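Trainee: Protein sequence lines, in the order shown, are assigned to chains A and B. Residue numbering for the first sequence follows UniProt numbering, beginning at 1 and increasing consecutively. Residue numbering for the second sequence follows UniProt numbering, beginning at 1 and increasing consecutively.
Don't read these hints as lab results, they were simulated from the structure. A few of these clues could be false.
One copy or two, it doesn't matter: identical chains are merged, so the pair holds either way.
To be verified - In silico BS3-like links for lysine-lysine, alpha-carbon gap of 27 Å or less: (1) Lys-43 / Lys-86; (2) Lys-88 / Lys-43; (3) Lys-85 / Lys-43.
If you're wondering where the values come from, they're calculated on a predicted model, not measured in any experiment.
There are 2 protein chains.
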Amino acid sequence: MSNTRVLPLLEPVGAEAVAPCCPPLTERPFTAEEAETAARMFKALGDPVRLRLFSAVASHEGGEACVCDISDVGVSQPTVSHHLKKLKDAGLLTSERRGTWVYYRVEPSVLAAMGRLLTIAPAAS
Amino acid sequence: MSNTRVLPLLEPVGAEAVAPCCPPLTERPFTAEEAETAARMFKALGDPVRLRLFSAVASHEGGEACVCDISDVGVSQPTVSHHLKKLKDAGLLTSERRGTWVYYRVEPSVLAAMGRLLTIAPAAS
Chain A
1 MSNTRVLPLL EPVGAEAVAP CCPPLTERPF TAEEAETAAR MFKALGDPVR LRLFSAVASH
61 EGGEACVCDI SDVGVSQPTV SHHLKKLKDA GLLTSERRGT WVYYRVEPSV LAAMGRLLTI
121 APAAS
Chain B
1 MSNTRVLPLL EPVGAEAVAP CCPPLTERPF TAEEAETAAR MFKALGDPVR LRLFSAVASH
61 EGGEACVCDI SDVGVSQPTV SHHLKKLKDA GLLTSERRGT WVYYRVEPSV LAAMGRLLTI
121 APAAS
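Input sequences plus hints: build the corresponding full structure.
Mentor: What follows is the structure, encoded as structure tokens:
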């Protein structure tokens with residue numbers, strides 16, 4: 001008679017080998033661990049300046065950009081550096097110093113994993 | 001001799017008609033306005049509890065769930081309500097009261113728009 005139901009919180013099976021994070025959000029309820037991982041990535045993109053910087057790197061020719069290429073977002077250089085660090089910490093960007101400049105590159109596997117989160121899972125039969 | 005380059009911050013052309021938000025993040029640098037819109041959606045999913053609730057609604061049979069179905073995330077009922085409101089405010093969930101319960105449903109167009117953001121744009125030739 002109860003309207004309450006226990007949702008099956010499935011354990012990830014061999015998830016590490018398949019994808020860096022999680023199944024589509026529509027497939028089954030996320031476990032606490034999956035939610036922690038995925039929320040960290042979403043949070044990193046949950047700021048307009050960070051999102052513009054990320055998009056500037058992601059769309060730059062060759063798939064990488066140096067700070068000198070992407071500072072045109074209306075904030076100070078230290079703020080740009082701060083946001084780039086946050087994106088790196090979340091695993092969305094990698095960086096490499098070459099001479100004077102640090103070059104940033106989007107981590108394609110992470111982008112793919114985030115895209116997968118947002119795909120619509122086929123309806124269960 | 002300068003290493004600096006001005007990125008073309010394209011204006012969206014008829015974007016309102018095509019999609020609720022923005023092009024893929026890899027296509028071109030986001031405008032400030034696009035970044036504001038998209039960051040709001042990412043931020044809403046940038047919290048582990050919200051992400052678990054969203055996933056619980058999104059994966060529930062019929063694509064909708066009442067609060068009674070999705071409270072199994074280890075936080076109090078008021079906290080659940082608070083997070084569901086945030087997801088609604090960000091346009092990720094819609095809700096409808098039926099009798100005693102409020103039912104939540106994922107807004108599919110928003111999920112599709114977010115998924116599109118994270119697709120890899122074809123390399124420009």
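Trainee: With 27 Å as the alpha-carbon cut-off, assign the pair Lys-43 and Lys-86 to within, between, both or neither.
Mentor: Answer is both; intra-copy 10 Å and inter-copy 14 Å each pass.
Trainee: Could you figure out if Lys-88 and Lys-43 sit no more than 27 Å apart (CA to CA) within one copy, between two copies, both or neither?
Mentor: both (13 Å within a copy, 17 Å between copies)
Trainee: Could you place Lys-85 and Lys-43 in one of the four classes (within, between, both, neither) given a Cα distance threshold of 27 Å?
Mentor: Both. Shortest intra-copy (14 Å) and inter-copy (18 Å) distances satisfy the 27 Å Cα cut-off.
Checked against the numbered hints above, the structure violates none of them.
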